[in-house]
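**Student:** For chain W, the structure is supplied; the task is to place chain L on it using the hints.
Number of protein chains: 2
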Amino acid sequence: MYRTHTCGELRIEQVGQEVTLAGWIQTVRKFGSINFVDLRDRYGITQLLFSESLNARLDEQPLGREFVIQATGVVTERSSKNKNIPTGDIEITVSDFKILNAAKTPPFTIQDDTDGGDELRMKYRFLDLRRNSVRKNLELRYQVGRAARNYLHTAGFLDVETPFLINSTPEGARDFLVPSRMNPNQFYGLPQSPQTFKQLLMVSGYDRYYQIVKCFRDEDLRADRQPEFTQIDCEMSFVEQEDILNTFEDMLKHIFKEIKGIEFNEPFPRMTFDDAMEFYGNDKPDIRFDMKLVNLTGTVQGKGFKVFDEAELVVAINAKGCSEYTRKQLDELTDWVKRPQIGMSGLIYARYNTDGSIKSSVDKFFDEEQLKLWAQACKAEPGDLMLVLAGKEERTRKAASELRLEMGERLGLRNKNEFKPLWVIDFPLFEYSEEDNRWVARHHPFTSPKPEHIALMDDVSQYAKIKANAYDIVLNGTEIGGGSIRIFQRDLQQKMFAALGMSKEEAEHKFGFLMGAFEYGAPPHGGIAFGFDRLCSLLGGSESIRDFIAFPKNNSGRDVMLDAPSEIDQKQLDELRIKLVRE
Amino acid sequence: MYRTHTCGELRIEQVGQEVTLAGWIQTVRKFGSINFVDLRDRYGITQLLFSESLNARLDEQPLGREFVIQATGVVTERSSKNKNIPTGDIEITVSDFKILNAAKTPPFTIQDDTDGGDELRMKYRFLDLRRNSVRKNLELRYQVGRAARNYLHTAGFLDVETPFLINSTPEGARDFLVPSRMNPNQFYGLPQSPQTFKQLLMVSGYDRYYQIVKCFRDEDLRADRQPEFTQIDCEMSFVEQEDILNTFEDMLKHIFKEIKGIEFNEPFPRMTFDDAMEFYGNDKPDIRFDMKLVNLTGTVQGKGFKVFDEAELVVAINAKGCSEYTRKQLDELTDWVKRPQIGMSGLIYARYNTDGSIKSSVDKFFDEEQLKLWAQACKAEPGDLMLVLAGKEERTRKAASELRLEMGERLGLRNKNEFKPLWVIDFPLFEYSEEDNRWVARHHPFTSPKPEHIALMDDVSQYAKIKANAYDIVLNGTEIGGGSIRIFQRDLQQKMFAALGMSKEEAEHKFGFLMGAFEYGAPPHGGIAFGFDRLCSLLGGSESIRDFIAFPKNNSGRDVMLDAPSEIDQKQLDELRIKLVRE
Numbered sequence: 001m002y003r004t005h006t007c008g009e010l011r012i013e014q015v016g017q018e019v020t021l022a023g024w025i026q027t028v029r030k031f032g033s034i035n036f037v038d039l040r041d042r043y044g045i046t047q048l049l050f051s052e053s054l055n056a057r058l059d060e061q062p063l064g065r066e067f068v069i070q071a072t073g074v075v076t077e078r079s080s081k082n083k084n085i086p087t088g089d090i091e092i093t094v095s096d097f098k099i100l101n102a103a104k105t106p107p108f109t110i111q112d113d114t115d116g117g118d119e120l121r122m123k124y125r126f127l128d129l130r131r132n133s134v135r136k137n138l139e140l141r142y143q144v145g146r147a148a149r150n151y152l153h154t155a156g157f158l159d160v161e162t163p164f165l166i167n168s169t170p171e172g173a174r175d176f177l178v179p180s181r182m183n184p185n186q187f188y189g190l191p192q193s194p195q196t197f198k199q200l201l202m203v204s205g206y207d208r209y210y211q212i213v214k215c216f217r218d219e220d221l222r223a224d225r226q227p228e229f230t231q232i233d234c235e236m237s238f239v240e241q242e243d244i245l246n247t248f249e250d251m252l253k254h255i256f257k258e259i260k261g262i263e264f265n266e267p268f269p270r271m272t273f274d275d276a277m278e279f280y281g282n283d284k285p286d287i288r289f290d291m292k293l294v295n296l297t298g299t300v301q302g303k304g305f306k307v308f309d310e311a312e313l314v315v316a317i318n319a320k321g322c323s324e325y326t327r328k329q330l331d332e333l334t335d336w337v338k339r340p341q342i343g344m345s346g347l348i349y350a351r352y353n354t355d356g357s358i359k360s361s362v363d364k365f366f367d368e369e370q371l372k373l374w375a376q377a378c379k380a381e382p383g384d385l386m387l388v389l390a391g392k393e394e395r396t397r398k399a400a401s402e403l404r405l406e407m408g409e410r411l412g413l414r415n416k417n418e419f420k421p422l423w424v425i426d427f428p429l430f431e432y433s434e435e436d437n438r439w440v441a442r443h444h445p446f447t448s449p450k451p452e453h454i455a456l457m458d459d460v461s462q463y464a465k466i467k468a469n470a471y472d473i474v475l476n477g478t479e480i481g482g483g484s485i486r487i488f489q490r491d492l493q494q495k496m497f498a499a500l501g502m503s504k505e506e507a508e509h510k511f512g513f514l515m516g517a518f519e520y521g522a523p524p525h526g527g528i529a530f531g532f533d534r535l536c537s538l539l540g541g542s543e544s545i546r547d548f549i550a551f552p553k554n555n556s557g558r559d560v561m562l563d564a565p566s567e568i569d570q571k572q573l574d575e576l577r578i579k580l581v582r583e
Numbered sequence: 001m002y003r004t005h006t007c008g009e010l011r012i013e014q015v016g017q018e019v020t021l022a023g024w025i026q027t028v029r030k031f032g033s034i035n036f037v038d039l040r041d042r043y044g045i046t047q048l049l050f051s052e053s054l055n056a057r058l059d060e061q062p063l064g065r066e067f068v069i070q071a072t073g074v075v076t077e078r079s080s081k082n083k084n085i086p087t088g089d090i091e092i093t094v095s096d097f098k099i100l101n102a103a104k105t106p107p108f109t110i111q112d113d114t115d116g117g118d119e120l121r122m123k124y125r126f127l128d129l130r131r132n133s134v135r136k137n138l139e140l141r142y143q144v145g146r147a148a149r150n151y152l153h154t155a156g157f158l159d160v161e162t163p164f165l166i167n168s169t170p171e172g173a174r175d176f177l178v179p180s181r182m183n184p185n186q187f188y189g190l191p192q193s194p195q196t197f198k199q200l201l202m203v204s205g206y207d208r209y210y211q212i213v214k215c216f217r218d219e220d221l222r223a224d225r226q227p228e229f230t231q232i233d234c235e236m237s238f239v240e241q242e243d244i245l246n247t248f249e250d251m252l253k254h255i256f257k258e259i260k261g262i263e264f265n266e267p268f269p270r271m272t273f274d275d276a277m278e279f280y281g282n283d284k285p286d287i288r289f290d291m292k293l294v295n296l297t298g299t300v301q302g303k304g305f306k307v308f309d310e311a312e313l314v315v316a317i318n319a320k321g322c323s324e325y326t327r328k329q330l331d332e333l334t335d336w337v338k339r340p341q342i343g344m345s346g347l348i349y350a351r352y353n354t355d356g357s358i359k360s361s362v363d364k365f366f367d368e369e370q371l372k373l374w375a376q377a378c379k380a381e382p383g384d385l386m387l388v389l390a391g392k393e394e395r396t397r398k399a400a401s402e403l404r405l406e407m408g409e410r411l412g413l414r415n416k417n418e419f420k421p422l423w424v425i426d427f428p429l430f431e432y433s434e435e436d437n438r439w440v441a442r443h444h445p446f447t448s449p450k451p452e453h454i455a456l457m458d459d460v461s462q463y464a465k466i467k468a469n470a471y472d473i474v475l476n477g478t479e480i481g482g483g484s485i486r487i488f489q490r491d492l493q494q495k496m497f498a499a500l501g502m503s504k505e506e507a508e509h510k511f512g513f514l515m516g517a518f519e520y521g522a523p524p525h526g527g528i529a530f531g532f533d534r535l536c537s538l539l540g541g542s543e544s545i546r547d548f549i550a551f552p553k554n555n556s557g558r559d560v561m562l563d564a565p566s567e568i569d570q571k572q573l574d575e576l577r578i579k580l581v582r583e
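Going down the list, the protein sequences come from chains W and L. If you're matching positions, the first sequence starts at 1 in the UniProt record's numbering and goes up one per residue. If you're matching positions, the second sequence starts at 1 in the UniProt record's numbering and goes up one per residue.
So that you can see chain W by itself, here it is in the shape it has in the complex (with noise of 0.2 Å):
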């Protein structure tokens, strides 16, 4: 036995036990010829007096940071207390220790504020992960994943696993891909995600079934997007949309009031996709805070403006109590919607002084007379700044967004702390790809269309207003997830796969085992899947999911610890009957 206790255990009333603790140096410390050494393990830092008795040993066997060792002594009261920690009343008076491993200096300081980079830090992953801050992030991923199967087991799901070594269907995003050894020359694919086998779990009658599962992407890596990636992934039979709203809107209360300690009263408020769009730019409002997108279009064209004149939308927002904002600061937005990401042009203000009167920096084209109109539309008081963007109406809308999301966060108005879910419905079931020229599905093609709108899918010039029974879950503007009413018939099936593009052999082909499943009595059904790197990395008030995974790849998709991928034998090669293009 290496220890009778971890380092975080020991109190006041253990005082006189001999005790054995091993663990890891955090900190070496002499007073006069007292050496102090803090002890720390994952549960805890305790303190550790060497006795005198022992200086002659250390001075042999000196030990530093990030040592191990094993410690034997007697819990004592200390006289100066640290109130900071549970162990701080007591201290062991050490009688005997052991290096069990002597350890380098560390290249970067295991503490929550480190001096390590982002670089050094992934190479090292093994010494970052030690740091408090990061085991926090991976204990609270641990009792979010916890929380959610305790929800899901009482509420009936059954925990299935799905194979990971499938067919390749690329729709959407790229597979990986894995050669076949004993199959030669074919290959399987890695799952985007278990959607086929949830349904076909349900067509078995499996009723309610989940996973937390490792799902894989081959795209190309924005920031914090990850190859490989974990979903909270949950189908139901015999149910509507309502009932999956509920379902999951309860899994969500749960996990917030086990890990964070909020309860929700008040269910979750929904939000149409169009509302979504037209309120606030963009399918994933974060609505912590109003401030609301204005359509000026109406309001404002037809006065001489050309700019506005010309714009397929006028939109602006109201910032409460910025009236006072400084040319400086205004210029300084104009250039933040001007940046490429943005694209705008331009920005157009106008002031609601305290004094009532208005100023904008369109005063030769707008008088005051004009400008109340505006604030009227804007809902804007005294003591307010009217910030409008015009152009073309996609672009508007979304660099609005941006715009609306900028000034909440300069108004400290996102609040980490704050948690603000909101269930968006009624996705369209289409959107059209510029890049594939042709129209493709919103959520998945298996999703069902409403069933008003069925009729529609016979004119592809009514593509655009079909609507779906398909929803997100929205968390502080962020989609942690989304699901939807899956198709169950045979025919809507292949009516979807033609509408998307696929001919019938194609669509046989690749979903055949699915289209014929449903032909042998599958049941309505639907379902749900939840980013759980995100949802974690949400929860834990934090941007980035990287922080979250305890061995995450970089935006080349490399494992900088590892040094993976890497090359490979011949004779691997040849095993799997590949050939390298060299170039």
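Keep in mind that the hints were calculated from the coordinates and are not lab data. On a predicted model such as this, the values are computed, not experimentally measured, just so you know. Keep in mind that the hints are not guaranteed to be accurate.
Note: identical chains are not told apart, hence a pair may lie in one copy or across any two.
No more than 30 Å apart at the CA atoms, straight line, and that leaves these computed lysine-lysine pairs for DSSO-like [as the list claims (entries may be wrong)]: (1) Lys495 - Lys465; (2) Lys338 - Lys328; (3) Lys579 - Lys306; (4) Lys136 - Lys420; (5) Lys450 - Lys467; (6) Lys495 - Lys98; (7) Lys284 - Lys257; (8) Lys495 - Lys450; (9) Lys338 - Lys320.
**Tutor:** Using the frame of chain W, we list chain L on its own:
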């Protein structure tokens, strides 16, 4: 809302209530003018009685097996109750119904004893999964996983997800490989186990880690091996072998209690590897029955019987109570040991008759006095039958082990409802691979030799004597888990890689990250991994792990339902910069 209740929950108390059920039609039958349907879902079966007023509609829309329907009606007490099912006291007098989805006639019956062959059931796995017996297996799997998680949670283990896209480091089994598009000509490997990651987590101070996780091995598939399989993977810091054995013995006891209602009040027995080989002829003894192997070499040699005199090993088992075996039975057994899988040239027997006489098949060489010595060694008594094998040591021991199991089977001593766990300990560190013409790690290269044997690592002639701190947990003759105390010092790990014939460069290239980690304060640690599929199949009383996997692959690594793996598009190959080698 599709239903007010499931098909498993209505009882006599609900008589008079109007309810709506939804599910699959198990059977339709007509008594006189009344139609009866057994409606099935995951939770049970409820009988529906269709009011005569519905007969016209039923004629129009006939119901068939596996149709999915929704039915509304009043709960009624049955006149003839069915005591075999929990809902057998009631039926629903249906006033309205709706066909939610029709069904083609399934290719096999959806019953415990189905008429479908293996191939057909795998092709239509979504129908096979509907069968009660299969669903019960997957429900048991879920319960076993949940029991393990609950135990490990209480014991302070953290579930930490480790990556799937890692480096290929073939050591032993072959890796599945994943070409990287973003890092051309480089490959990820899928993990054969999270071994190095869990060790890194120990270096990171996580103290107690677990994961129920998919692992991958690209090996030629023997019956009942799957290319992807699931492990309960665990690791602990600051532990010795004893701590691990105790912790996971408790976990198994918890699982047995939760799943089977069996309480083990005694500690699991432990046996050294050497004893297992000597007394059972293999390293995973089935101790549900005794019938130990008895070494007769010394007893029988030098009596002029060439078969014995030339043998490396003469070994007997005592088949208790079998002295009356007929000539035919003995011939059958002789044929059995002569099969190529067993490979012996013959079987010698000696009957200890109930009258006290002993007769053997080698009476020419051994008189009754001699045979009494055999009986003494075998602890045979009147009524017993001694079966003797002789030949090359390894083959003969293996054959005796197989014969013992076969006799146990024939004598009904291998009851699948009796559970006899056993720890096998003190495994050799190395074993000699004739194939590779070198010493290989018996467990894996991270396993620690027993400290007192480390010195032997300097002398290759001593390798066979080196024991490891490695252990297996065996249940009813099947290994369900194994692990070891790990090496945690860079020097020793380097020595181990060298002993396995790895150059310093190769070791550094493949496992530099781990040896590097050992230099920054690695704690003593060890762990274990359980074969989850196998554990579930044993608890479920089945020989086959496939019955406990939702979507298993066949012996060619194919999913016959999906028809995976499959050929991929040229575009995909081009993106990965690989070419196929066609034959």
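**Student:** For a quick check of understanding: which of the numbered hints are violated here, in increasing order?
**Tutor:** Of the numbered hints, just 3 does not hold.
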